[in-house]
Amino acid sequence: MKLREIQIDRFGVWNDLTLPIHSGGVTVVYGPNEAGKTTLLQFIRGVLYGYQRAPAGRNPRLVGHERMSGSLLIEEAGRTHRFHRAAVGVLRGNPCLIGEETAQPAGELLEQMLHGISEHVFNSVFSIELRELQELAGLSSGEVAEHIYGTSLGPEGRDLLAAGRNIDAGSHRLIDPLQQSGELVRLFEQHDELSSRLRSLESATQQHEELCARRDDIEQEIAELKRRLGGIQSQLRGHLFLERAWGPWNRLQECERELDSLPQIAGFPEHGLERLHRLESEIAEARECRDRLSAEIKELRAQWKALPVDDAFRRHAATIKGLVAQQSWLAELDERIAQAQQSADDAGLAYEAVREKLGADCTENRLANFDTAPLSRERLFGTAESFRGALARRGRIRRECRRLAQVCRRKTVAVRDGLKSLGVESAEQALAASRRRLDDLQRIARLELHEADLQRRLGDVRERLTEAVSHNDLPTWVYIVLGVFCFSGIVLAGWGLITGVSTSWIAGGVYAMLALTCAGLAWGIRQHFEVHTAERVAALNSRASKWHTQLAQTQDTLRQLKLDAVIPNQPADQALSVPRDTAALVRQELLFAAEIEELARHESRVLDLKERLRERRRKLDAAHREVGTARSNWGDLTRSLGMPENVTFAEASAWWERIVAAKAGLQRWSQAEEAAALLRTIRHSIHDRLLETSRKIDQSAAEAKDPLVLLAEWQRRLDDLALVRNKRRLLRRLMRDKRREAAEFQSLVADAEMRRNALLVQGGATTRDEFEQRARALARRTFLEDQADDAQRDLEHVSRSHSDLAIVEEDLQAFQAEQNAECIETLKQEAADLEHDIEAAYEQLGGIKHSIDLLEGDDEGARIRFEREQTAARIAQAAAEWCALEVSAQTLHDLRQQFERTQQPATLSEASHLLRQLTCGRYINVWSPLEDRNLHVDDDSGRSLSLDALSRGTKEQLLLAVRLAVIGDLAYKGIKLPLLLDDILVNFDERRTEAAAQLLLDWANQGQGHQILFFTCHPHLARLFESRGVELIHLPADQTATRLAG
Amino acid sequence: MPREPVRFLHAARLMLDHQLRGLLDLPEPWQETVRDAASIAFDRLIDACLDHQVDFLLVTGDSFDARDGSLRAQAALARGLNRLAEHGIPSYLCCGNSDPWNSWMPQIRFAPEVHILGTPDCPEPCIVLRNSRVIATIDCVRHVEQAMSSVESGGVPIHEDSSSRNPIAIRMSGPDSPAVSGTGFDYLAQAGACPRRTTIDGSLTMHYPGPLQGASSADSGICGATLVEVPAEGAPQLTLIPTAPVRWEDLTLHLTTAMSPDEIVEQMHWAAGQIEPSPAEQLRLLTWDLYFHGSPPLLLADPVSRRRAIEAACNNPSGSAPPAITVATHLHVHSFTETLQDTASPLARDFRRQLDAKLSEPGWSPAQCLAESALCSGPWQTAMESALAGLNRDDVAWEAKRLVGKWFAAAEELSA
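Here the protein sequences come in this chain order: D and A.
Numbered per this note's numbering, the first sequence spans residues 1 to 1046.
Numbered per this note's numbering, the second sequence spans residues 1 to 416.
Everything labelled a hint here was simulated from the structure, so no lab data went into it.
Where is the CB? At the ideal position from N, CA and C, for every residue including glycine.
Watch out, some of these pointers could steer you wrong.
[Said to hold, decoys possible] Some but not every residue of chain A turned toward chain D, in silico, with C-beta under 8 angstroms:
| no. | residue |
| --- | --- |
| 1 | R349 |
| 2 | E372 |
| 3 | C376 |
| 4 | L403 |
Chain D with its partners taken away, still in its complex shape (with noise of 0.2 angstroms):
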């Protein structure tokens, strides 16, 4: 985009003004102060985005109220638009076309010719004022700020800044600059902490060097109290030794006395005064049982002697006593012939009624001959249910036969309905004819596609080949220095021609060849610009050419395939007359032929039911034979049993359950009967038998008696009979033992009498009372030396018992118990107050001995050494992990810094090479650190500076090379915008202000070229601009036939 010409109609200081202006290069608009340069810039601003506050004008009246109003004109890719925008106060105006109408609204044309350079990019790098040009934060932020630093820092730089980032959360994470938080400090204090407490465990040893110092202590204190306990033991033992000593001393002592005054018997027998007691009173014992059994034998005798026995009925006591026993039975024979009397009439009650329903001619004959077993009955009901399963079979395949035959009648009429209604006669042949048309469609559609694909593209090319005929016309300065080149050939080659026939051919032939010089240089520059496009022109004609016949060709067979495709349903005349849409008529094929595809699936199930219902009907027939034998089958077999043939299933199963249950009751009944019989036959031999032997007994009472009370009778005596005898028996025993056993008690006292006298004549007495006197003595001396003899054991053993001591004879004679004994009681007391203490220093010892082992079995010092150690090997797993981390910083920030240096933004480049350019190579480049939107500047020493540092001009030159190179970048992305600077260049000194003056020339000349408008006030620079073949524009200096009247 470039301005042609700035038209204002009223803004600010301006009234009607018309400024024309070069499209290329720098433009210069000179005036002095308060000319309205300022506003001229603001009147630009104004008419591409919208008028700010007015300026203030001459009349203070009006402020806040003036009306602005003015236009550009502008040119855009060869056509130029006049842009007007008017605003009164506040409002910033709408911008309106003039002398053009177009259908795209004014504001959307002018947008789209500001490329979306929004209004705050244009101030900021567009349209620079002095103010604006020192201020960087225009450039540090939104957009602006991403065209200089990239919107993104590239795949290296984030990774620099993600390893950085990385790296200090890592470092921070061990240990923080100031050493305060971090694993490490926890680490370390962790340490502290257990060597502090191990360094508290100490104490424990100080602890167990007391404990053995006591242990020590008690243990020579019990050692001397055992030393005590051990002399005071000694002496108790001599004194016990004496006591337990005196007493078996002195019983030997009286022992020995006594036996010397009893006289010495010899021979005498050993117990011999007990063994004559105890004979004496076997005898006595023996006479007395003897004389008692006499009497008793007497008695017994008299008692068996008083018994009274009947000899006739004890002679037939074997045979009435199995009588008897047949008592009970005879009369539970009578209960049993009665029931079995009853059993037999009941069966035959029962069994007449049952003949009687069967008819008269049902005789116990033809009962008795009729077959029941299981087997006939399973054969009768076996066909009867063969019969009625082929009758139910024959009846269901015949429903179904009907249902079938319905079904299939009723979808027959559908289809053919369906048929007639789509106009075809056959389902198949329709959904073939369908499918074809489709494909045909489908081919019609693509084609239509290729044919606007096609269209599309030589579109474009015509396009891209106007452009290209457009941009052909080189600029008319080349079309000026071609012809001064072609000129000054010509006149140089006449020169020559006159030179060299004249003066000198050499002479002539150096002019000659600068015409051709001349002549080749203009050739040549033609050819260079000429030939590209030439090439390209013809190249996309060729492309338009071939695509164009392959339009043709495809619209040809296009207008083929819709004449060959003939939609159903409608007329083939109206298909190519009417424009139709060939989506719309797929989608009406594609319902046809789903119509027809349904009406087939109908007609193909039709046909199965069809196919479904003969074989039903096949196996009807089949059906009916298979009745026909089990019906045959039925009729014999009643036949056979004697039942009519037109008999029912019910009729002849009632009637062979009455066959059965009759059969079965004529049977029961000649049970019966016979059962009564044979009973009745056993009652009569018994009675028979009863009779007889009543008369063997008593030949007068016995014909008269029943015989259930003949036996009950004879029950009564034979328990008599049997109790009389039973007495007699136990009496007779009685009498023979007792005299047995007064013979052996006789032999008793004998016996004895004679051990008793042998006796008396071994002890050598004669009387009972010497015996007694002898038996005594010799019993007093046994005794008193069995005394001795226990004595001396004693003392022997008290002797034994006390090794170390000696029996002192002395000592024994003046021995007093009770001084003794007083002696002992003294020394046990202090035994066991030493014992007492000895216990006490044991316990005492226990419990330091348990402290020491509990201290020395203490392990918490090992827990906090391993905890301690665990806590070293983390330290140094993180040290080392810190270490790492800082030695990967080191590397990292020397990386970042030659990263910084080197792997800048293209835009930070450019702007270095202009500000080198700016600042005559003093400053060599221009670079921000990583993910910090700060400009820093390298000097041609090498050092950095940041823009803080740099001088007013400097700062200016740095951020004027930053807007030039943010302006370089858009313009190579197709984005041409005007640059407005006003007075810029007044903080430069001399020689970078012609430097600066320069690069502007030459950066406005650059490519296509840029447009620069600069705004100034100083003619020393405008001056400058001048020298340098650029055309001024003045402003007015007076004013008052283009301001408003104040």
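Start from chain D and add chain A according to the hints.
This is chain A only, laid out in the frame that chain D set:
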């Protein structure tokens, strides 16, 4: 007259109640074993003395570490030696650098059969009796070195380095018997802090049994005591009696970058299975040194993946009977070639190149790194210096290079 056969156990560096170094994140069930490893080893030593019915026990220094100030250590020592004394087995100990005589607690009581050489209560040389006959004479070397140096001009290289200080010389006969060798002693029991070793010089056998329980990964291999059996004629026979419940092992593997993670794990698994099991070991601690020709794979760069790989490699190594639980403690990865592949990003290559250059600078050390950092002064400066003092330069290099792969996406892609 031929000498009588003698059998004794020689142990050193008991370091009772001393804790193992360089362990962290040990699972709870094994912490007790590690914590009491030295005590367990000492109990096994006492049991071995009783099982082998030795004539005496010889401990050459460093029975405990005096810096620990552990009452439990000295009490356990006295308890064990007194137990031997109850069975009539005398013990002979000498002090080492870790347990100087002034650090022995006077209140700890030893049985009369326990002799601490070099102390006022123990006259030297000591004689060992069996059935009232002298079967061996034991003396500290400071009493015999003069005699030895005078017998042979070259002398026996007892003081070949600082680790062989205070050795004990044993003559397997009575003082009146003729000397077997020129020095008059048959066995030189060395002390120190070096690995297990044996040197035979003529008829003199010099031996150091190594620590009873390895204290760190430096004490790699089977640790224990030595059963010395001196026959009637001939040189002493030495047999290792394993006692250490915790066994350290260094494993070195040379791998290639082209190996897949599964192949690396399989190689590690195979290497772990090649370790000859020891009947005493309950826990095996492995230190891996993996050498790569090229950049190590990401498997070993990511801590979680690395831990899983190590656990998979240590899981039931073949031939590890009797059952021993294997735990990996450290993994050092070394790379022979420092060039990254072409697919690595230029930034990653530059970073590694500059990192290598910095680490290769002469005089670079972790301490210097600390001095150049913001932590060069502050409350924890001394602690930091102390922590960095024991750092290995390769470990730092590996850790830093691991971070390269983590930070730069291209490097991650390369490793993946």
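Against the structure, the hints:
no.: 1; hint: R349; verdict: 11 angstroms, violated
no.: 2; hint: E372; verdict: 7 angstroms, holds
no.: 3; hint: C376; verdict: 11 angstroms, violated
no.: 4; hint: L403; verdict: 6 angstroms, holds
Taken one by one, the earlier hints fail for this structure at numbers 1 and 3, listed in ascending order.
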